[in-house]
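Q: Position chains A and R against the provided structure of chain S, taking the given hints into account.
Residue numbers (the working numbering), protein chains in the order written: chain S, 2 to 271; chain A, 4 to 258; chain R, 47 to 260.
Hints in this document: simulated from the structure, not taken from any laboratory.
Nothing false has been slipped in among the hints.
With a straight-line cut-off of 35 Å between C-alpha atoms, the simulated DSBU-like cross-links for lysine-lysine are:
#  : chain 1 : residue 1 : chain 2 : residue 2
1  : S       : K212      : S       : K72
2  : A       : K132      : A       : K96
3  : A       : K18       : A       : K87
4  : S       : K250      : S       : K36
5  : S       : K179      : S       : K149
6  : S       : K179      : S       : K256
7  : S       : K36       : S       : K256
8  : R       : K253      : A       : K134
9  : S       : K179      : S       : K41
10 : R       : K200      : S       : K149
11 : S       : K36       : S       : K271
12 : S       : K169      : S       : K232
13 : R       : K253      : A       : K132
14 : S       : K250      : S       : K72
15 : A       : K141      : R       : K254
16 : S       : K179      : S       : K83
17 : R       : K200      : S       : K179
18 : S       : K212      : S       : K179
19 : S       : K83       : S       : K126
20 : R       : K254      : A       : K134
21 : S       : K83       : R       : K200
22 : S       : K271      : S       : K250
23 : S       : K148      : S       : K179
24 : S       : K232      : S       : K72
25 : A       : K132      : R       : K254
26 : S       : K189      : R       : K200
27 : A       : K195      : A       : K26
Residues per chain, in single letters:
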Amino acid sequence: MNKRIFLTLISLILVLAVLTTGCAKAASGDQSLKKVQDAKTLVLGLDDAFPPMGYRNESNDIVGFDVDVAKEVAKRMGVELKLQPIDWSQKFNELNAGTIDCIWNGYTITEERLQETNVTSAYMKNRQIVIVLADSPVQSLADLAGKKLALQAESSAAEALESKPDFKASLGEVIELKDNVTALLDLKASGSDALLVDEIVAGYYIAREGKQYRILDEALAEEEYGVGFRKADQALRDEVQKQLEAMAKDGTLAKISTEWFSKDITTIGK
Amino acid sequence: MPSDIVLSVENLAKKFGTLEVLKSIHLTVRRGEVVVIIGPSGSGKSTLLRLINQLEQADSGNITVGGQVLCKNDPQGRSVYAAKADLKAIQLKIGLVFQSFNLFPHFTIERNITEAPVHVLGQPAAQAKTKASALLHKLGLAEKAPNYPFQLSGGQQQRAAIARALALEPEVLFFDEPTSALDPELTGEVLKVIRQLAAEHMTMVVVTHEMAFARELADRIIFMDQGVIIEEGTPEQVFNSTHERTRQFLRHYSE
Amino acid sequence: MVTFQILPYLLEGTWRALQIFILTLVFSIPLGIVIARLRQSTVRIIQLPVRFYLLIMRGTPLILQLIFFMYFPPFVLGIPIGRFTAVILAFSLNYAAYFAEIFRGGLESIPRGQFEAGHVLGFSSGQTFTRIILPQVIKRILPPSASEAMTLIKDTALAQIIGVAELFRAAQNSTSRLVSIEPIIAAGVIYLILNSLVALVFSRFEKKLSYYRH
Numbered sequence: 002m003n004k005r006i007f008l009t010l011i012s013l014i015l016v017l018a019v020l021t022t023g024c025a026k027a028a029s030g031d032q033s034l035k036k037v038q039d040a041k042t043l044v045l046g047l048d049d050a051f052p053p054m055g056y057r058n059e060s061n062d063i064v065g066f067d068v069d070v071a072k073e074v075a076k077r078m079g080v081e082l083k084l085q086p087i088d089w090s091q092k093f094n095e096l097n098a099g100t101i102d103c104i105w106n107g108y109t110i111t112e113e114r115l116q117e118t119n120v121t122s123a124y125m126k127n128r129q130i131v132i133v134l135a136d137s138p139v140q141s142l143a144d145l146a147g148k149k150l151a152l153q154a155e156s157s158a159a160e161a162l163e164s165k166p167d168f169k170a171s172l173g174e175v176i177e178l179k180d181n182v183t184a185l186l187d188l189k190a191s192g193s194d195a196l197l198v199d200e201i202v203a204g205y206y207i208a209r210e211g212k213q214y215r216i217l218d219e220a221l222a223e224e225e226y227g228v229g230f231r232k233a234d235q236a237l238r239d240e241v242q243k244q245l246e247a248m249a250k251d252g253t254l255a256k257i258s259t260e261w262f263s264k265d266i267t268t269i270g271k
Numbered sequence: 004m005p006s007d008i009v010l011s012v013e014n015l016a017k018k019f020g021t022l023e024v025l026k027s028i029h030l031t032v033r034r035g036e037v038v039v040i041i042g043p044s045g046s047g048k049s050t051l052l053r054l055i056n057q058l059e060q061a062d063s064g065n066i067t068v069g070g071q072v073l074c075k076n077d078p079q080g081r082s083v084y085a086a087k088a089d090l091k092a093i094q095l096k097i098g099l100v101f102q103s104f105n106l107f108p109h110f111t112i113e114r115n116i117t118e119a120p121v122h123v124l125g126q127p128a129a130q131a132k133t134k135a136s137a138l139l140h141k142l143g144l145a146e147k148a149p150n151y152p153f154q155l156s157g158g159q160q161q162r163a164a165i166a167r168a169l170a171l172e173p174e175v176l177f178f179d180e181p182t183s184a185l186d187p188e189l190t191g192e193v194l195k196v197i198r199q200l201a202a203e204h205m206t207m208v209v210v211t212h213e214m215a216f217a218r219e220l221a222d223r224i225i226f227m228d229q230g231v232i233i234e235e236g237t238p239e240q241v242f243n244s245t246h247e248r249t250r251q252f253l254r255h256y257s258e
Numbered sequence: 047m048v049t050f051q052i053l054p055y056l057l058e059g060t061w062r063a064l065q066i067f068i069l070t071l072v073f074s075i076p077l078g079i080v081i082a083r084l085r086q087s088t089v090r091i092i093q094l095p096v097r098f099y100l101l102i103m104r105g106t107p108l109i110l111q112l113i114f115f116m117y118f119p120p121f122v123l124g125i126p127i128g129r130f131t132a133v134i135l136a137f138s139l140n141y142a143a144y145f146a147e148i149f150r151g152g153l154e155s156i157p158r159g160q161f162e163a164g165h166v167l168g169f170s171s172g173q174t175f176t177r178i179i180l181p182q183v184i185k186r187i188l189p190p191s192a193s194e195a196m197t198l199i200k201d202t203a204l205a206q207i208i209g210v211a212e213l214f215r216a217a218q219n220s221t222s223r224l225v226s227i228e229p230i231i232a233a234g235v236i237y238l239i240l241n242s243l244v245a246l247v248f249s250r251f252e253k254k255l256s257y258y259r260h
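Chain S extracted, bound-state conformation (with noise of 0.2 Å):
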């Protein structure tokens, strides 16, 4: 009887679901790129938390590499970029609620995000490299098994985790951070054993704590950065894969690059 009425209402909010997903994605035609120009806004969730491509500098200004490129593309656009700080956990419910026009914040292009949301081509390549501390006997993946891994939750660290199955087997425990920062803390604390984390995230963080850290020659992934947009809103991503590209073309890209990480490493246009 209890089962029945479960089932019901399991049923029931299923059914709900499914109609309130037609209707929202029935309703708009592609308006995304004149959305934003009315707007004269493109709003860009970010995790703020996300250094070097997005975070807070000592005046509590968002700064960042993506942040810098999203903003030029916003220009040559002719309209604002808005930063909207999201808890990353959340970037696909922001997108489809429409609070936000695109993820833009070392957004890895995986398989999944693929079926999830518009992606323009790739602008960086990154890896996913494991960080040990600099006294730790592990060398290799292979040393990893049975210890405790740390990474971000929901996080394309997660992801690379999850296509690799025979290495995630031979971990002893994998812990789900809230964001990267907490994880490097929970490896300097030796509450976990390494961090599978960004390579370039990685790298500024590298930078300032210095020789507390080692990263081990293999990595996980081979990945890229790209831009995320609502399934539906082609307009708006070639829009904005236009302007990538032409920045690329006139040298503004790699100078952005070169301020940040001392060389270009970006890779659309090439």
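A: What follows is chains A and R alone, placed relative to chain S:
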């Protein structure tokens, strides 16, 4: 209807679930009369007072207070109540003193007394205060006006509660076992106040277990048992009753 | 000192947390009183939905409710609700449920005789409630309400899940940049100061109402 009848109850009945608490009660109270109701616990004495004071709803029967109909039987024999606006006017004709005083603990004694005259009757605060102080003086509580109920003894609290009821100048004052919650040495001071009111010809209906007091003060005594009035009459008649149940009850109390 | 350097930023987050705290109290307390009274209704069509509401609000995590109010209405209505609005909505509805139950407990602890005395003296039920019952209920529910208010101060940290940068988020952001847990500790001190103030205000109130006893 003679104008000196201030309360008339006819055929009143009340059930709690399947329990018949009151069965076909008739009661008439005249102006200036002191009626004392006695009877074992559970006999329906308190329920009768609560029905008259609108704290419970009658199932059937008529209640008329000061010439105004509180409730009246419809053709099906069910009590139909007066309109909401009238209910308040009817309630203001009568007062009720509770067994457990029910003073408002967050108000001073003075404010306990003035609150209703000011906010129900709309009297000016100064007038209500003058009246309150006169009442307190009369009931021997003059210096307690600024105190809070918890600072008073039980007897003093009950006297303050009587003052609170009197401030609205009711035509009839009901007492529901006014001394039952008090230590024996404190009942005297409350009974003294009731005696004082009787001397002023205040119309009163008193439910009590104080038999000596009933005998001394009542113009009429009503003996109730199991929801019915077994007999009523002068103290003389009731205390010398030949009725078996009345005798049994009174024997219990004379021991 | 890192803390000194990031203090303006933390204070900005503190102000946000305080806004959530104050607005939530402003909305949830009156709402809680209304809900408590509806909950006491003997009419089933009123009481049942209220009980259902109380179950949902107290039976699911606040963080989930935040996500729901932020992302579900735009899905259904097609209009974004606004981050801060969603926070205040979720917090107010959630805390109203807890305040309602505290309030109901207080209401039920008042002796029937107080209601009856009010009636017999000719007060309307509204007057009886506001003049006689409510002041006594307030005195009785101050201690549990103080705990609830202190929990609310700490719960403001949950607002970050839908992108509202309150104190804890501010601290975490500084932590990310500086790779130091000092900002988190500083935030902890600020929460402690805020709750000391809350506790102080409530004990002042209690003292003020200690002039009488039940």
